[in-house]
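Colleague: Residues per chain are reported as follows:
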Amino acid sequence: MLEDELKVSTRVIGNIAVIDLVGDVTTFAEAKINAAYQEMSQNGAQQILLNFRQNDYINSAGIAILIGIVTEVTRNDQKLAFSGLSPHFQKIFRMVGLSQYAKIYQDEQEALTDLQNAATA
Amino acid sequence: MIELRLPSRLGYERVAMDAAASLASRMGFETDRVAALKTAVSEAVTNAIEHGNQHNEAMKVVVLLTVRGDELIVSVTDQGHKAIDAAYVNRVPQISEAMKRDDKGGWGIWLIQELMDEVEFTTAPSGGNQVRMVIHLER
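Which chain is which? The protein sequence lines are A and B, in order.
Take the first sequence: its letters are residues 1 to 121, numbered as in the working numbering.
Take the second sequence: its letters are residues 1001 to 1139, numbered as in the working numbering.
Keep in mind that the hints were calculated from the coordinates and are not lab data.
Hints may contain errors.
[As the list claims (entries may be wrong)] Lysine-lysine pairs mimicking DSSO-like chemistry, simulated, CA-CA at most 30 Å apart: (1) Lys91/A - Lys1100/B; (2) Lys91/A - Lys79/A; (3) Lys32/A - Lys7/A; (4) Lys1060/B - Lys1082/B; (5) Lys79/A - Lys1100/B; (6) Lys1082/B - Lys7/A; (7) Lys1100/B - Lys7/A; (8) Lys79/A - Lys32/A; (9) Lys103/A - Lys79/A; (10) Lys1082/B - Lys103/A.
[What the hints assert, rightly or not] Calculated from the model, a selection of chain A residues having no Cβ within reach of chain B, i.e. all distances over 10 Å: (11) Arg11; (12) Ala35; (13) Gln46; (14) Glu108.
[Claimed, not checked] Computed footprint of chain B on chain A, listed as stretches where at least three residues anywhere in the stretch have a Cβ under 8 Å from a Cβ of chain B: (15) 54-63; (16) 74-88; (17) 94-106.
Predicted, not measured: the structure shown is a model, and the values here were computed from it.
Glycine is no exception: its CB is placed at the ideal position from the N, C-alpha and C atoms.
Please construct the entire structure, taking both the sequences and the accompanying hints into account.
Modeller: Okay, here's the thing in structure tokens:
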């Protein structure tokens, strides 16, 4: 009732697998986020963009889930990026250290442009 | 003073978070400070629900919001099934260490301490855990 249940959807743009996250990223989000990541990985994704909505609620349990994704991405030699985070969560992600493992972009377009350029460079 | 008595069920931390944010906005806090307060309150209440009250919905989490001059004081008290692990207080978690563990959590108390101006962890007279957080209005 009080949860803004997370909606997770996936799409592929060029060689980038985009996982859209709309809603709360809390302990209840773990199965959905992990399933989307596994699906994209099994389809051969090498570059993954986690695209948030600006007003999302992300708590420390959600951060732990994202650290799990970072761990998998590192293990599988993939590249991960974040976009669409509010300034507050960009700051939190930097404080926690997630930005050491995944670049943070202001929005999806900026991320897609940079990731595509990097891939063709 | 505003007092909230919340059931120990995840999701209710949002009620405390929204109340604190509303009060802070009315006091004139900037957007980034309100966002920091929301995260700190949410983490404190979630800790109380999960650890202090062990998800027992009959047990309450009491949140007190007090405006004193240019500061907002938030106190979060549980009914203390389990004390806050002292090892978590003043510990600086490292993501590289978390990546090696199955449980990648343990960021809540650190986030509260990083985001608030003053934080104190005590035992309430009732025996539960109490977190007292203060955020100052900067003019």
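Colleague: Now, for every hint given, state plainly whether the structure supports it.
Modeller: A quick look at each hint next to the structure:
Proposed proximity of Lys91/A and Lys1100/B is supported: the alpha carbons are some 23 Å apart, at most 30 Å. Only pairs whose Cα atoms come within 30 Å are accepted, and Lys91/A paired with Lys79/A is accepted, the gap being roughly 21 Å. Our distance criterion of 30 Å between C-alpha atoms is met by Lys32/A and Lys7/A, whose separation comes to about 8 Å. Between Lys1060/B and Lys1082/B the alpha-carbon distance is near 14 Å, which keeps this suggested pair within the 30 Å criterion.
With a CA separation close to 19 Å, the supplied pair Lys79/A and Lys1100/B stays within the 30 Å bound. A distance of roughly 34 Å separates the Cα atoms of Lys1082/B and Lys7/A; the hinted pair therefore is violated under the 30 Å criterion. Simply put, Lys1100/B and Lys7/A have alpha-carbon atoms about 28 Å apart, close enough for the 30 Å limit, and the pair holds. Proximity of Lys79/A to Lys32/A is assessed by CA-CA distance (about 20 Å); at most 30 Å being required, the pair is judged to hold.
Proposed proximity of Lys103/A and Lys79/A is supported: the alpha carbons are some 9 Å apart, at most 30 Å. A C-alpha spacing of about 38 Å is found between Lys1082/B and Lys103/A, which places the hinted pair above 30 Å, so the restraint is violated. With a minimum CB-CB distance of about 27 Å to chain B, Arg11/A clears the 10 Å threshold, and the non-interface call stands. With 10 Å as the threshold on Cβ separation, the claim that Ala35/A sits away from chain B holds: the shortest Cβ distance comes to roughly 18 Å.
The Cβ of Gln46/A lies farther than 10 Å from every Cβ of chain B, with a closest approach of about 20 Å, so its non-interface assignment holds. Every CB of chain B lies more than 10 Å from the CB of Glu108/A, the least distance being 21 Å, so the non-interface label holds. A count of 5 residues in the segment 54-63 of chain A with a Cβ less than 8 Å from any Cβ of chain B is obtained; the coverage claim is therefore met, three being the minimum. Proximity of the segment 74-88 of chain A to chain B, defined as three or more residues with a beta carbon under 8 Å from a beta carbon of that chain, is established by the 4 residues found.
For the segment 94-106 of chain A, the proposed coverage by chain B is satisfied: 6 residues have a C-beta within less than 8 Å of a C-beta in that chain, meeting the threshold of three.
Violated hints for the displayed structure, listed by number in ascending order: 6, 10.
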